[in-house]
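Model the full structure from these sequences, guided by the hints.
Okay, here's what each chain looks like letter by letter:
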Amino acid sequence: MPQRILFGAATAALCSALSTAAVAETVTIAQNFDPQTLWPNGTTASDNLNAGSAIVESLFWQNPATGEIEPLLAMDLEMVSPTEAILTLREGVSFTNGEPMDADAVVHSVEVFMDEEQAPAYARVSELLESVEKVDDLTVRITLSDTYPAFELALSQISVTPPAYWQEVGLEAFSQDPIGTGPFVLDSWVRDDRLTMSANPDYWGELPAGIDELVWRPVPEDAARLAGLQTGEFQIVKDLPVSAIPMLETDDSVSLVTVPSYRIYQIGLSSHPEPVSPLQDVTVRQALNYAIDKQAIIESLFFGRAFALNGQVLREPQPGFNTDLEDYPYDPEKARELLAEAGYPDGFEISFKCPSGRYAQDREVCEAVAGMLADVGVQTNLVLLEPGEFLRQLRTMELAPMYYVGLAPQDDPGFQASQYLSSWRYSPIANAEMDALIEAGATEADPEARIQIYKDLMALMHEQAPIIFLYGGVDVYGTAAGISNLAPRGDGRVFFYGVSYE
Amino acid sequence: MLRYILRRLILTIPVVFGILVISFMLTRLSGDPTDLILPPDAPDSAREAFRRTHGLDQPLPVQFVTFVGNVARGDFGDSLRFHQPALDLVLERMGATLELAAAAMAIAILAGIPIGVIAAYRRNTPVDIGVRGVSLLGQAMPSFYLAILSIIVFSVWLRWFPSGGRGTWAHLVLPATTLSFQLVALLARVTRSCMLDVLGQDYIRTARAKGLGERRVVWLHALRNAFIPVLTVIGLQVGFLLGGVVVTETVFSWPGVGRLAIQAIYARDFPVVQAVVFLFAMIFVLVNLVVDLLYAAVDPRIGYK
Chain A
1 MPQRILFGAA TAALCSALST AAVAETVTIA QNFDPQTLWP NGTTASDNLN
51 AGSAIVESLF WQNPATGEIE PLLAMDLEMV SPTEAILTLR EGVSFTNGEP
101 MDADAVVHSV EVFMDEEQAP AYARVSELLE SVEKVDDLTV RITLSDTYPA
151 FELALSQISV TPPAYWQEVG LEAFSQDPIG TGPFVLDSWV RDDRLTMSAN
201 PDYWGELPAG IDELVWRPVP EDAARLAGLQ TGEFQIVKDL PVSAIPMLET
251 DDSVSLVTVP SYRIYQIGLS SHPEPVSPLQ DVTVRQALNY AIDKQAIIES
301 LFFGRAFALN GQVLREPQPG FNTDLEDYPY DPEKARELLA EAGYPDGFEI
351 SFKCPSGRYA QDREVCEAVA GMLADVGVQT NLVLLEPGEF LRQLRTMELA
401 PMYYVGLAPQ DDPGFQASQY LSSWRYSPIA NAEMDALIEA GATEADPEAR
451 IQIYKDLMAL MHEQAPIIFL YGGVDVYGTA AGISNLAPRG DGRVFFYGVS
501 YE
Chain B
1 MLRYILRRLI LTIPVVFGIL VISFMLTRLS GDPTDLILPP DAPDSAREAF
51 RRTHGLDQPL PVQFVTFVGN VARGDFGDSL RFHQPALDLV LERMGATLEL
101 AAAAMAIAIL AGIPIGVIAA YRRNTPVDIG VRGVSLLGQA MPSFYLAILS
151 IIVFSVWLRW FPSGGRGTWA HLVLPATTLS FQLVALLARV TRSCMLDVLG
201 QDYIRTARAK GLGERRVVWL HALRNAFIPV LTVIGLQVGF LLGGVVVTET
251 VFSWPGVGRL AIQAIYARDF PVVQAVVFLF AMIFVLVNLV VDLLYAAVDP
301 RIGYK
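Protein chains in written order, with our numbering: chain A, 1 to 502; chain B, 1 to 305.
Some hints could be false.
Some but not every residue of chain A turned toward chain B, in silico, with C-beta under 8 Å [to be verified]: (1) Glu168; (2) Glu172; (3) Arg217; (4) Gln230; (5) Ser300; (6) Arg392.
Ranges between beta-carbon positions, derived for each pair [as the list claims (entries may be wrong)]: (7) A:Leu382 x B:Leu26: 24 to 34 Å; (8) A:Glu341 x B:Gly55: 48 to 58 Å; (9) B:Pro14 x A:Glu299: 56 to 66 Å.
If we take Cβ atoms under 8 Å as the criterion, some of the chain B residues that face chain A in the derived model are [said to hold, decoys possible]: (10) Asp35; (11) Pro39; (12) Asp41; (13) Ala49; (14) Phe50; (15) Ala102; (16) Ala106; (17) Ile151; (18) Val156; (19) Gly165; (20) Pro255; (21) Leu260; (22) Arg301.
Read the hints as simulated data drawn from the structure, not as lab findings. The model shown is predicted, which means the values in this text are computed figures rather than measured ones. Every residue gets a Cβ at the ideal spot worked out from N, C-alpha and C, and that includes glycine.
Now the structure itself:
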């Protein structure tokens, strides 16, 4: 009998040893959605891009750990003139089907990227790219139609694909069975269930240590992603609800990684001639900024997991962030005074549109804002919109005069600023002075001068108050013990460069 | 019999056409998919290119004629998001959904009917009252709530079953029981009331009088007679099951059609929505035909000519 127990214990030990060995090699990532395409230029949705760019790499990448744009398949970028760039490519890199990663591949990839039919989601980023040509095997020349300060950011989004394979199978088949130069290759894909990748043994760079296999699982329900993290089914979980944080903080088997998001939440206050509203008066717009207790929203609706904006739409690490600015303080008394000064001593009534189910706690935020505005005499008629209808009304500016929105443009002050240009489709304001600064910034090649332009713009925008400056979002990721160096980016992007698992 | 089946099948043609019209119109009413599929800052030229590529720039009647023509050839168009044929996407996931629905239906039949029979037989005893209470609760509890509760209890606390996904039988347990819960409750209630009715009939007294055992009386004589309404309910509930998979599949990350449908609806992926609606409607029509035919098998007095 004791022998049998021993034998049993030994088998159990062996089994657990085997199973831990197997577990240590596979990292499972739970995201909201199954990718629709694994070609990173197919969409801008981070769940697609995360999986796709583990296989297909880009010329450069913006490293979230440093915030810098660093070489990947390109080694160097030289601006011969403000509109002519010479790219030097990394030598000796091949695609996993054996095709060389060379100037021909890059020319093909840039051409696809520039084509609105094939890559409509990136049309705004590629607008200023005019042509691309091969100089020699490892050198490519890109010509721009105008100065493009965010050119490096554009280059970080051009994914490089093997031209012969692309010609052979076409965009659609490529997006389901991609071939790239990346650290992982596609193994199998059971749609909506699991996407399995294995490490690329011939990878040109350093593979993430201890990860032989990556499994991407689409788990749409917040509670289920959370449960899978707690049970050890997932090693990396994207987009945890903020409400789960207090519970997870006491759990030693998981760590939380929080990242300030690129998404800036704001209440648009349209001052366009149509529709007529009290918001056309800058004093009223300022008054509304005083009326909102931003800190209370951050603390009570987001458990502190959101950041104050300091009265501007640029985030602290971005060039042009103006350190002289501060948030409008919460001062309902001052708000009432300003409203009286503007001729609304008894406040006014206004329509307020809000998406329901597009952003975290969107409805609750809107209700809080409506309550605070009512406190200073501004009665809002809250209209809740389904996300699709909300986006349509945003594009056509039917959300005006007042609406809640979270905007997450590309990580460059130029893209952030251009959303407030008079001619932009959903700009809440038409201000000539602001336009002049936005246009100057868009073509200014000197980085120092550009920073000054955006600082001035932020100051002017603070004063003009085309929006109520609310807060910046925070993304929450959960990781199992053993995962190190995971540094997600503020746009929901997860990379595996430098990540290890033990 | 064969002629009856044929006639029923011919009658489905107008139903199919109606489904095509409704699914086409309703998706178009929901708005323009370009807003959801391209980022809000995409230039207008890119939007137009997207609409052109997917034929959304054509007038609606032209789009409809093209759509019906293509469907007649088994082509529902390409998904706006996946760039793959919509029908393939749906069929690829149909196996998972049918597996889940069949498991849930099996649980509902194997648990719901016996529970109903026992409750009727032991009418007004604590067993009956207990069954009635639990089935009321079962029908009232929203399935997403039950689903999340069962994940917390059975996978996070007890670690008995995985929290989601598809694979082994263990993956099937939580979603299938959750999906079947309301159905078990409903079948138990319907069976109970039908059984109560039958148990009071003269022929049951006759069966007992001629000396048959209680078991034989209840499970053969009474249940068979009480079965027709139960069968009708089962047939109708297939529709409920196909609706219920949307919630269950989402919560349990089950890779089925329901989840594909809900995501397609949110993203206004017209071709996928139309393919799902069409297939689900076809299943519903066929199940009802099968139920009608089963009546004849259960009750010899019913015949089809």
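_Numbered hints the structure breaks, given as an ascending list_ = 1, 5, 15, 16, 22
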